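Sequence lines, in order, name chains A and B.
Residues in the first sequence are numbered from 1 upward in steps of one, following my numbering.
Residues in the second sequence are numbered from 1 upward in steps of one, following my numbering.
Accuracy of the hints is not assured; some may be wrong.
DSSO-like mimics (lysine-lysine), calculated; alpha carbons at most 27 Å apart, straight line [unchecked claim]:
id, chain 1, residue 1, chain 2, residue 2
1, A, Lys-27, B, Lys-195
2, A, Lys-252, A, Lys-220
3, A, Lys-26, B, Lys-312
Hints are computed from structural coordinates only; laboratory data are not their basis.
If you're wondering where the values come from, they're calculated on a predicted model, not measured in any experiment.
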Amino acid sequence: MIGIVSYGSYIPRYRIKLSDIAAAWKKIPEEVVESLGIAEKSVPGIDEDAVTIAIEAARNAFESSALNPESIEALFVGSESHPYAVNPTSTIVGELLGIGNNYLAADLEFACKAGTAGIQAIAGLIEAKHIHYGLAIGADTAQSKPHDALEYTSAAAGVAYILGSNYLIANLLAYTSYSSDTPDFWRRDGIRYPSHAGRFTGEPAYFAHVMGASQLLMKKAKIHPSDVAYCVFHMPNGKFPREVAKRLGFTKEQLAPSLTVSAIGNPYSASSMLGLAAVLDIAKPGEKIFMVSYGSGAGSDAFLWEVTEEIVNMQRLKGKGKSLVQNQIQEKTYVDYVQYLKQTHKL
Amino acid sequence: MNVSVVGAATTKFGELWGVSPRTLAHEAVEGALADADIAKSNVQALFVANMLAGPLGGQQHLGPFFAEELGLPVPAMTIEGACASGGLAVHAAVNSIRSGQYDTVVVLGVEKMTDHKPEDVATALMGAGSNEERLAGATFPGLYAILARAHMEKFGTTFEELATVAVKNHFHASLNTNAQFHNTLTVEDVMKSSKIADPLTLLECSPISDGASAVVLTKNHKGIRIIASEVATDTIGLAQRESLLEFEATKEAARRAYQKAGVTSKEIDVAEVHDCFTIAEILAMEDLGFFPKGKAAAVIVRGETTLGKTKKLVVNPSGGLKGCGHPVGATGVKQIVEIVQQLRGTAGKRQVAKARIGLAHNVGGSGATAVVHILKNI
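Make the full structure from the sequences, and use the hints.
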């Protein structure tokens, strides 16, 4: 069986309230907060980027595990904000984690699903017995143009999953992918901010792909929504995951623990991976978790996880070290809009 | 020479992301030809109504483009008159038959807007504005907001009265399977929606839409006859107008249309009017002579133009531009399709009882072009 050996998340401590962004643009704050279902979002520190965030998340994953970093034989970092266009994030992360040199390193880019693409690729390498352990990270300092609708949601966070086949806290029971050429959100090389196709990002993009991958997974794993304890979906805003969960037949209770979006916004590649981490923080042995990412352009990766007895010790360790997702959400310092512009290098 | 509408069809209007302009054109034109029971070989000309294929789609040579696509190797041309393109194309088609040049022609109105960014669509639409006004930053919601404000100040028209136009048209659209919106609204919903250009809110503005409509016109045929087809123009911007309380082009086109048709406004049973914004329907009601100046809003609030609530004139049974959608080049043709279906008695749930004479009113820009058609079931 392949699965998760350990996981770690990292959320920068800075927050900006959506009402402050709305006020800067003379929008009605209540209207913005209500329509997006998000109250505040995380903001990277002035010296934080996808590399530093990936390292923090991976360190948290190793801290909760007895595994030596040198055991890692593959390291994939998924991001849409890799600091370099040419020069890998994954090798900087690998170097600072002390992984050594005997590993496959690759940067992945697929809008908000680059991180989960890494999980699938590593799962395949382990399944093929090519490697024993791999590290898949999703980390972003999500970009958005001032005054664009994305400015209210684009956030920063990273999540790392150590995958292997022994001492698993969660078994990977099945996984599927669903992809198509649907350009709903894009950024050309050399262009600072992404563009998006407004309402087109909904039905033909997010919903078509999340539903597609979900239905494939249910068929492959022969499960119904009622067979799982929790569901996790990519969270571009507070509305889409709620809507897609409803359409697929999941309850509000199955979805609620994963909705990190309301407190920290959308950290792109880390979004659904952070939702999964928040659920793993509270799940009980034997419970199943249904998880689907979404990346614009477009595609969805779907996973069915089953939590094992090992989770109990992991949760205890994370609770003690205050490295649960909820701890990181609570640990915050508010910044105003001008400070936000400075920290995201717009001023 | 009499001109009859022997075939009429429309696609669904809405965010049709999976449908190309070519597919839209096939569905509308082939639907209209099937409705007319006329073979393609009998069609002698094709008039294409469109506004934005050039600026948004990079293709302006739409006559041969659609002639080729539809397998209609006939004289074909594009008619552009902003949001009145559809009405103008029908007008040109009617005149082509009246002149004796053709016996049977097809009018296709088609527009694909939702594939493009809202800001690009807004910029392209301002191609219908006056240079001074658009350079000053005005958009059509802004210009119509000025008209709404003037109407409110002069006649005491209220926010609630404006909102009622959208409520009525969404109710009508809820009965129309081809409409973009099927949700009904309350006055509160409309008033609480985001302000677009004070006093107009989001739900008082017609949407960005995709869609196509087509009619087949032929000479000396029984059934639905076009008994008047009139066009009038005015200054392109609002600044040069003597009054902001009326559209002179609408008044002039209507005056001539009633005269040519030999009917009065009181004889109209059903009307499709250009409600690009709520204020536009109020202005149309007054400028078309249905109600005295300053009195239309209260009439709409009393439900006197709502389907099922009145035995007299019903306005915008299709849902209008607000509820049915506004793919700009298609709108004027869709209005004719709707009136034809109403006069034939085939409008289903939205059928206006005993409709015998119908009127279609299509406006370009902020009233620079107005087209009025009157149709009658002979």
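TODO: Output the numbers, in ascending order, of every earlier hint that fails for this structure.
DONE: 3
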